[in-house]
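Undergrad: Spelled out from the first residue to the last, the chains are:
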Amino acid sequence: MSAAAPRKLPGSLETNRALDRWLSINADGTVTVRPGKVEIGQGILTALVQIVAEELDVAPSRIRLVGAATTLSPDEGITSGSRSIQESGIALRFAAAEAREILLQRAAVKLGVSVEQLTVSDGTVVSRAGGSVSYWDLTGENLLGREATAEAPPKMAADYVLIGRALQRIDLPAKVMGAPVYVHDLALPGMVHARVVRPPGAGMQLTGGEFAEVESMPGVVAVVRDGSFLAVVAAREEEAIRASRRLARVAQWHGGGALPASDPRYLLECETEDEVISEKGEGAAPPQSQTLSAEYSRPHIAHASLGPSCAVAEFKDGRYTIWTHSQGIFPLRRDLATALGIAEDVIEIAHMEGAGCYGHNGADDVACDAVLIARAVPGRPVRVQWMREDEFGWEPYGSPMVVRMQGALDGQGRIASWTHELWSHGHSTRPGGKGGVNLLGAWHLAKPVAAARPGNPPLPGGGSHRNAIPLYDFPRQRVVNHLARSAPLRTSAMRSLGAHANVFAIESFMDELALAAGADPVEFRLRHLKDERARAVVEKAASLAGWRAKEQGDGERGRGIGFARYKNLGCYVAVVVEVSVAETVRVNRAWCAVDVGQVINSDGVVNQLEGGIVQTVSWTLKERVAYDRNTVTSRNWIDYPILTFEEVPAIEVALIDRPELPPLGAGEGAQGPVAGAIGNAIYNAMKVRLRDMPFTRERLIAALV
Amino acid sequence: MSLVINVNGSKREVVADAETPLLYVLRNDLDLKGARYGCGIGVCGACMVIVDGKAVQSCDVPVSAVAGKSITTIEGIGTSERPHPLQRAFIAEQAAQCGYCVSGIIMSAKALLDARPQPSDAEIREALAQNLCRCGTHTRILKAIRVAADGGAK
Numbered sequence: 050m051s052a053a054a055p056r057k058l059p060g061s062l063e064t065n066r067a068l069d070r071w072l073s074i075n076a077d078g079t080v081t082v083r084p085g086k087v088e089i090g091q092g093i094l095t096a097l098v099q100i101v102a103e104e105l106d107v108a109p110s111r112i113r114l115v116g117a118a119t120t121l122s123p124d125e126g127i128t129s130g131s132r133s134i135q136e137s138g139i140a141l142r143f144a145a146a147e148a149r150e151i152l153l154q155r156a157a158v159k160l161g162v163s164v165e166q167l168t169v170s171d172g173t174v175v176s177r178a179g180g181s182v183s184y185w186d187l188t189g190e191n192l193l194g195r196e197a198t199a200e201a202p203p204k205m206a207a208d209y210v211l212i213g214r215a216l217q218r219i220d221l222p223a224k225v226m227g228a229p230v231y232v233h234d235l236a237l238p239g240m241v242h243a244r245v246v247r248p249p250g251a252g253m254q255l256t257g258g259e260f261a262e263v264e265s266m267p268g269v270v271a272v273v274r275d276g277s278f279l280a281v282v283a284a285r286e287e288e289a290i291r292a293s294r295r296l297a298r299v300a301q302w303h304g305g306g307a308l309p310a311s312d313p314r315y316l317l318e319c320e321t322e323d324e325v326i327s328e329k330g331e332g333a334a335p336p337q338s339q340t341l342s343a344e345y346s347r348p349h350i351a352h353a354s355l356g357p358s359c360a361v362a363e364f365k366d367g368r369y370t371i372w373t374h375s376q377g378i379f380p381l382r383r384d385l386a387t388a389l390g391i392a393e394d395v396i397e398i399a400h401m402e403g404a405g406c407y408g409h410n411g412a413d414d415v416a417c418d419a420v421l422i423a424r425a426v427p428g429r430p431v432r433v434q435w436m437r438e439d440e441f442g443w444e445p446y447g448s449p450m451v452v453r454m455q456g457a458l459d460g461q462g463r464i465a466s467w468t469h470e471l472w473s474h475g476h477s478t479r480p481g482g483k484g485g486v487n488l489l490g491a492w493h494l495a496k497p498v499a500a501a502r503p504g505n506p507p508l509p510g511g512g513s514h515r516n517a518i519p520l521y522d523f524p525r526q527r528v529v530n531h532l533a534r535s536a537p538l539r540t541s542a543m544r545s546l547g548a549h550a551n552v553f554a555i556e557s558f559m560d561e562l563a564l565a566a567g568a569d570p571v572e573f574r575l576r577h578l579k580d581e582r583a584r585a586v587v588e589k590a591a592s593l594a595g596w597r598a599k600e601q602g603d604g605e606r607g608r609g610i611g612f613a614r615y616k617n618l619g620c621y622v623a624v625v626v627e628v629s630v631a632e633t634v635r636v637n638r639a640w641c642a643v644d645v646g647q648v649i650n651s652d653g654v655v656n657q658l659e660g661g662i663v664q665t666v667s668w669t670l671k672e673r674v675a676y677d678r679n680t681v682t683s684r685n686w687i688d689y690p691i692l693t694f695e696e697v698p699a700i701e702v703a704l705i706d707r708p709e710l711p712p713l714g715a716g717e718g719a720q721g722p723v724a725g726a727i728g729n730a731i732y733n734a735m736k737v738r739l740r741d742m743p744f745t746r747e748r749l750i751a752a753l754v
Numbered sequence: 017m018s019l020v021i022n023v024n025g026s027k028r029e030v031v032a033d034a035e036t037p038l039l040y041v042l043r044n045d046l047d048l049k050g051a052r053y054g055c056g057i058g059v060c061g062a063c064m065v066i067v068d069g070k071a072v073q074s075c076d077v078p079v080s081a082v083a084g085k086s087i088t089t090i091e092g093i094g095t096s097e098r099p100h101p102l103q104r105a106f107i108a109e110q111a112a113q114c115g116y117c118v119s120g121i122i123m124s125a126k127a128l129l130d131a132r133p134q135p136s137d138a139e140i141r142e143a144l145a146q147n148l149c150r151c152g153t154h155t156r157i158l159k160a161i162r163v164a165a166d167g168g169a170k
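Top to bottom, those sequences are chains A and B. Count the first sequence with our numbering and you get residues 50 to 754, in order. Count the second sequence with our numbering and you get residues 17 to 170, in order.
Do not take every clue at face value.
Stated by the list, open to error - Interface residues of chain B toward chain A, partial, derived using beta-carbon atoms under 8 Å:
id	residue
1	K49
2	Y53
3	G54
4	A62
5	F106
6	L144
7	A145
Think of the hints as simulated: they come from the structure by calculation, not from any bench. It should be emphasised that the depicted structure is a prediction, and the values quoted were computed from it without experimental measurement. Positions of the beta carbon are idealized from the N, C-alpha and C atoms, including for glycine.
Can you make the complete structure from the sequences, with help from the hints?
TA: Okay, structure coming up:
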């Protein structure tokens with residue numbers, strides 16, 4: 050007879066059931082918390098401190114967070130997809146509630162009263178009958194040495210003291226002092242510096258070169274070559290850089306020249322896997338007064354982290370130790386073990402912070418580089434930092450996309466039918482994929498390890514098709530995903546995945562249809578929205594902005610709105626933007642309403658939305674990774690300009706707090722709505738419709754003539 | 017070669033090639049990690065320091081060019097116990113996300129405020145023309161500098 054399947058536990062407790070893996074209560078008056086999710090600049094650790102402090106009834110200053118490490122943290126997969134609050138936060142909430150219950154039971158025995166007679170204040174348990182004892186006295190070996198049950202009920206929203214408050218970020222004081230907090234700053238005894246020399250173009254192989262002249266350069270410890278993987282190690286960082294430049298000049302390569310035209314419409318010629326992901330048709334097709342169609346696109350976009358990726362690795366006595374800013378240390382370890390043909394348990398990985406990543410950047414690849422180089426110089430820690438040119442040239446980009454829309458209006462100004470067809474590469478080639486590894490260096494080895502099959506996260510969250518299914522209520526709709534799995538330039542997860550382009554297309558097309566229907570864009574959206582939370586953010590953003598029905602731009606200034614519920618199951622965001630169009634498009638202001646369910650840290654949510662808005666203004670107005678037949682030609686900030694301090698809009702964010710509802714992530718809610726709102730505002734200002742991002746001066750001129 | 021440079025008010029001797037960018041001397045020889053590598057060509061501001069009162073991108077300046085000059089890094093302007101008014105304002109306004117750009121931005125802002133204690137908003141933006149932020153924390157950063165200029169965070 051088989052045992053009954055264990056009950057499903059909330060969040061990441063489901064896959065990490067040992068209570069003491071998550072937290073410990075220490076005799077010295079502190080609480081150690083070990084989340085498997087990592088800080089990537091989004092402020093998640095502060096929110097997790099709030100959650101644990103709330104459930105345990107201790108001051109946040111008592112919490113000691115331990116960064117994720119394969120030796121001691123729960124395996125929470127990858128920190129991505131705005132899921133950390135849902136996964137790690139919920140797990141820690143239940144784990145802390147359970148720890149509190151265990152402590153209270155101990156206290157009840159010690160004080161000779163029932164649990165109901167106890168209250169807790171900053172870790173001190175007080176009995177109504179008199180007497181008290183602290184967590185720090187109650188704790189001991191094996192306090193939490195058991196499997197989590199998640200049966201201790203967390204607090205009710207009405208009892209919250211900390212949740213929802215704008216607790217200051219725990220990591221910011223060290224950062225504004227310039228303290229060594231990033232993996233980039235790690236300095237170990239005997240550490241050497243390395244740089245990798247990548248092929249001059251995609252798909253090129255190393256044939257040879259006068260490497261001896263590089264080996265004799267000052268400070269050079271070794272030139273490391275394995276197949277087409279080429280790197281140099283030196284005592285000093287600037288020596289490694291100088292040597293890597295010489296190495297790049299003497300190395301000989303062949304192949305390449307296979308990149309497509311630098312226009313996302315090459316996707317339409319690719320071999321695709323086609324899937325109808327939504328099809329709905331109620332009753333006979335009504336008489337249609339007008340039919341519209343339009344095509345939208347976005348180019349390859351770079352994560353463009355401000356700090357190029359960096360890692361430190363050491364190979365000693367048959368074991369590897371790695372310090373990395375990877376978003377997923379456990380999947381990285383699995384891929385590294387496969388790439389090196391070794392067991393996972395000889396690899397230890399510790400997370401340290403890096404610059405903001407906004408998705409899958411070079412973090413995992415540079416960790417692999419560091420390991421491959423460390424293997425060649427055993428016993429010496431090797432620090433590898435990608436140069437700016439490496440990061441732009443070799444990071445996995447946000448996929449280009451093309452979206453074709455078709456819609457028809459009925460005689461009453463409502464949308465009678467809606468078709469959304471999209472073309473895209475996959476949106477995940479993170480480590481942990483199937484059928485190979487996702488580590489750049491491993492593909493270039495003499496015995497190359499195959500690349501995993503490019504992934505595309507499935508619905509309901511979706512990858513290329515994220516947010517392709519409209520949240521609006523249409524009687525007839527059809528949504529088709531054309532997935533071009535094989536990509537000439539590697540693509541992977543970038544903040545919001547397909548939602549940026551899909552929502553841009555949906556929200557632009559909603560305005561095109563509203564115009565055809567003679568309707569106000571805000572009212573037209575509400576006409577097609579039943580979801581009350583969706584209606585509430587649209588109405589809130591409009592009222593924040595002082596939206597006037599059918600308001601018109603003046604030939605230079607204009608305003609537009611965009612809305613989406615992220616992944617159709619995450620946060621709701623509506624944004625109104627004001628643009629002014631002269632030689633270039635400028636976003637002057639943005640008014641944003643957001644519903645993330647229960648707010649954990651109000652300022653954290655606002656900060657994420659503000660950042661999301663600014664970054665999306667940058668993507669939408671300015672950003673495009675350029676390439677020729679051989680290689681990516683956007684290699685630094687001059688070739689790939691981003692929004693500057695001179696250009697940022699003023700932003701107002703309003704939170705609709707719903708403390709009774711589950712908390713949702715906030716990091717990726719703004720991307721789609723902002724892109725749509727900008728296109729709509731430009732139309733409102735100038736009566737020209739821009740459908741191809743980015744909305745550069747050249748595109749604007751082309752549309753105006 | 018051996019060089020003497022004046023960093024945060026003390027004379028430091030370093031042994032490095034004359035052409036070594038100041039950034040690597042600060043980070044690797046003097047263990048001052050607050051200036052950060054971002055681009056290597058002086059366009060992103062992550063490595064900003066102050067040399068004789070001017071904001072300078074340390075990735076783009078050979079160490080030999082700053083011998084005898086007065087160099088200030090983020091570590092020289094305040095500590096956790098005694099933060100500089102700009103550092104206090106950045107914390108009060110929660111003006112960072114990943115924080116990688118923030119020490120360079122504070123140094124640009126300090127050079128501005130030292131020269132013009134009451135700058136206009138336009139002058140603040142102009143002073144940050146050489147600084148990039150990728151997280152999109154710009155509006156908070158501008159506000160923090162304004163707060164610091166106006167007498168500081170409570």
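Undergrad: Against this structure, judge whether each hint is valid.
TA: Hint by hint, here is what the structure shows:
no.	hint	result
1	K49	4 Å, holds
2	Y53	7 Å, holds
3	G54	5 Å, holds
4	A62	6 Å, holds
5	F106	5 Å, holds
6	L144	4 Å, holds
7	A145	7 Å, holds
The earlier numbered hints are all upheld by this structure, with none contradicted.
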